[in-house]
Amino acid sequence: GENVEQHPSTLSVQEGDSAVIKCTYSDSASNYFPWYKQELGKRPQLIIDIRSNVGEKKDQRIAVTLNKTAKHFSLHITETQPEDSAVYFCAASIGGGADGLTFGKGTHLIIQP
Amino acid sequence: KAGVTQTPRYLIKTRGQQVTLSCSPISGHRSVSWYQQTPGQGLQFLFEYFSETQRNKGNFPGRFSGRQFSNSRSEMNVSTLELGDSALYLCASSLNSIGVTEAFFGQGTRLTVV
Chain A
657 GENVEQHPST
667 LSVQEGDSAV
677 IKCTYSDSAS
687 NYFPWYKQEL
697 GKRPQLIIDI
707 RSNVGEKKDQ
717 RIAVTLNKTA
727 KHFSLHITET
737 QPEDSAVYFC
747 AASIGGGADG
757 LTFGKGTHLI
767 IQP
Chain B
759 KAGVTQTPRY
769 LIKTRGQQVT
779 LSCSPISGHR
789 SVSWYQQTPG
799 QGLQFLFEYF
809 SETQRNKGNF
819 PGRFSGRQFS
829 NSRSEMNVST
839 LELGDSALYL
849 CASSLNSIGV
859 TEAFFGQGTR
869 LTVV
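Just so you know, the sequences run in chain order A and B. Residues in the first sequence are numbered from 657 upward in steps of one, following our numbering. Residues in the second sequence are numbered from 759 upward in steps of one, following our numbering.
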């Protein structure tokens, strides 16, 4: 089955700096890669996603890049703000939606004031 | 539009008992997926239902089962509870139409087995 590795497990950055979280996946059939943000005690929320026919997608301060050949994808957050502090999960699946998502173990992003 | 609703929010059960959790998806969403979240294993896929049929299943023992009703509401059942079943159980719903991929999670049910 699919295996998703996520690094780092904890990331501390200064407010205003950029943060990068990286994931690798094992199943070349995976074609949908969402990123979720989960604040303490809250539900995971989709922040951005990308399909395998696209190399990069951007939404304001958040961007995701995908390298299908190397089977890795990354989340980039620029101009970090205190409200960006949360746990971020990458995931991979075949098809989309929430069906059969394989999640990474999560990255705890800490924004230092 | 109401979000994904899970009930109950918290449950305490004893080893060996069984439990049923409920999930009401966003109106119009026909796909409901269930996930188990624990500190050690992270988020793990249990199963997915679409139009009352289980379409996909994760790697969990047969003690974990589910069903979906004609109104798309879903339930999951865990029988013969073990201490290791203590977790946050999340359900997510999606429209499941071609080109529409966003899934919305509920707040979860926190199950504690003692």
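Keep in mind that a hint or two might mislead.
[To be verified] Every beta carbon over 12 angstroms from chain B, so not counted as near; a handful from chain A, in silico: (1) P664; (2) D673; (3) S674; (4) P690; (5) Q694; (6) T725; (7) H728; (8) E735; (9) D740; (10) L757; (11) K761; (12) G762; (13) I766.
[To be verified] For lysine-lysine, the following DSS-like pairs were computed, each having C-alpha atoms within a straight-line distance of at most 27 angstroms: (14) K761/A to K678/A; (15) K698/A to K724/A; (16) K727/A to K714/A; (17) K815/B to K727/A; (18) K714/A to K698/A; (19) K815/B to K761/A; (20) K815/B to K698/A; (21) K724/A to K815/B; (22) K678/A to K713/A; (23) K771/B to K698/A; (24) K678/A to K724/A; (25) K698/A to K713/A; (26) K727/A to K678/A; (27) K761/A to K698/A; (28) K761/A to K713/A.
[Stated by the list, open to error] Computed footprint of chain A on chain B, listed as stretches where at least three residues anywhere in the stretch have a Cβ under 8 angstroms from a Cβ of chain A: (29) 767 to 775; (30) 810 to 821; (31) 826 to 839.
Hint data in this document are derived by calculation from the structure and do not stem from the laboratory. Each residue gets a CB set at the ideal place from its N, CA and C atoms; glycine is no exception.
Each hint, compared with the structure:
No beta-carbon of chain B comes within 12 angstroms of the beta-carbon of P664/A; the shortest separation is about 15 angstroms. With a minimum CB-CB distance of about 26 angstroms to chain B, D673/A clears the 12 angstroms threshold, and the non-interface call stands. At roughly 25 angstroms from the closest C-beta of chain B, the C-beta of S674/A stays outside 12 angstroms, upholding its exclusion from the interface. The Cβ of P690/A sits about 7 angstroms from the closest Cβ of chain B, inside the 12 angstroms cut-off, so the non-interface label is violated.
Interface exclusion of Q694/A from chain B breaks down, the closest Cβ pair being 9 angstroms apart, not more than 12 angstroms. Distance check for T725/A against chain B: the nearest CB is about 23 angstroms away, which clears 12 angstroms, and the non-interface claim stands. With a minimum CB-CB distance of about 18 angstroms to chain B, H728/A clears the 12 angstroms threshold, and the non-interface call stands. A cut-off of 12 angstroms between C-beta atoms confirms that E735/A is not in contact with chain B; the least separation is 25 angstroms.
The non-interface label for D740/A is consistent with chain B: the shortest C-beta to C-beta separation is roughly 19 angstroms, beyond 12 angstroms. The Cβ of L757/A does not lie farther than 12 angstroms from every Cβ of chain B; its closest approach is about 6 angstroms, which violates its non-interface assignment. With a cut of 12 angstroms on Cβ distances, K761/A falls inside the contact zone with chain B, its closest approach being about 5 angstroms. The Cβ of G762/A does not lie farther than 12 angstroms from every Cβ of chain B; its closest approach is about 6 angstroms, which violates its non-interface assignment.
Chain B leaves I766/A outside its interface by the beta-carbon criterion, the shortest separation being 17 angstroms against a cut-off of 12 angstroms. Proposed proximity of K761/A and K678/A is supported: the alpha carbons are some 12 angstroms apart, at most 27 angstroms. For a cut-off of 27 angstroms, the pair hint linking K698/A to K724/A is broken: about 32 angstroms separates their Cα positions. Between K727/A and K714/A the CA atoms are separated by roughly 19 angstroms; this keeps the pair inside 27 angstroms, and the hint holds.
Taken as a hint, the K815/B and K727/A pair is honoured in the structure, with Cα atoms around 24 angstroms apart against an allowance of 27 angstroms. As the CA atoms of K714/A and K698/A are separated by approximately 25 angstroms, the hinted pair is consistent with the 27 angstroms bound. At roughly 20 angstroms between alpha-carbon atoms, K815/B and K761/A fall within 27 angstroms of each other, so this suggested pair holds. For the given pair, K815/B sits about 25 angstroms from K698/A by alpha-carbon distance, which is consistent with the 27 angstroms threshold.
About 26 angstroms separates the Cα atoms of K724/A and K815/B, which keeps this hinted pair within 27 angstroms; it holds. Distance restraint check for K678/A and K713/A: the Cα-Cα separation of roughly 15 angstroms lies within the 27 angstroms cut-off, and the hinted pair is therefore satisfied. Between K771/B and K698/A the alpha-carbon distance is near 23 angstroms, which keeps this suggested pair within the 27 angstroms criterion. Between K678/A and K724/A the alpha-carbon distance is near 14 angstroms, which keeps this suggested pair within the 27 angstroms criterion.
Straight-line distance between C-alpha atoms of K698/A and K713/A comes to about 26 angstroms, which keeps the hinted pair within the 27 angstroms bound. For the hint pairing K727/A with K678/A, the CA-to-CA distance comes to about 11 angstroms; that is within 27 angstroms, so the pair holds. Proposed proximity of K761/A and K698/A is supported: the alpha carbons are some 17 angstroms apart, at most 27 angstroms. Taking the CA atoms of K761/A and K713/A, the gap is near 23 angstroms; set against the 27 angstroms cutoff, the hint holds.
Counting residues of the stretch 767 to 775 of chain B whose CB falls under 8 angstroms from any CB of chain A gives 0; the rule of at least 3 is not met. Remark: the stretch 810 to 821 of chain B is confirmed as covered by chain A, as 4 of its residues place a Cβ nearer than 8 angstroms to a Cβ of that chain, reaching the required three. Only residues whose C-beta sits within less than 8 angstroms of a C-beta in chain A count toward coverage, and the stretch 826 to 839 of chain B has 0 of them, not enough to reach three; the restraint is violated.
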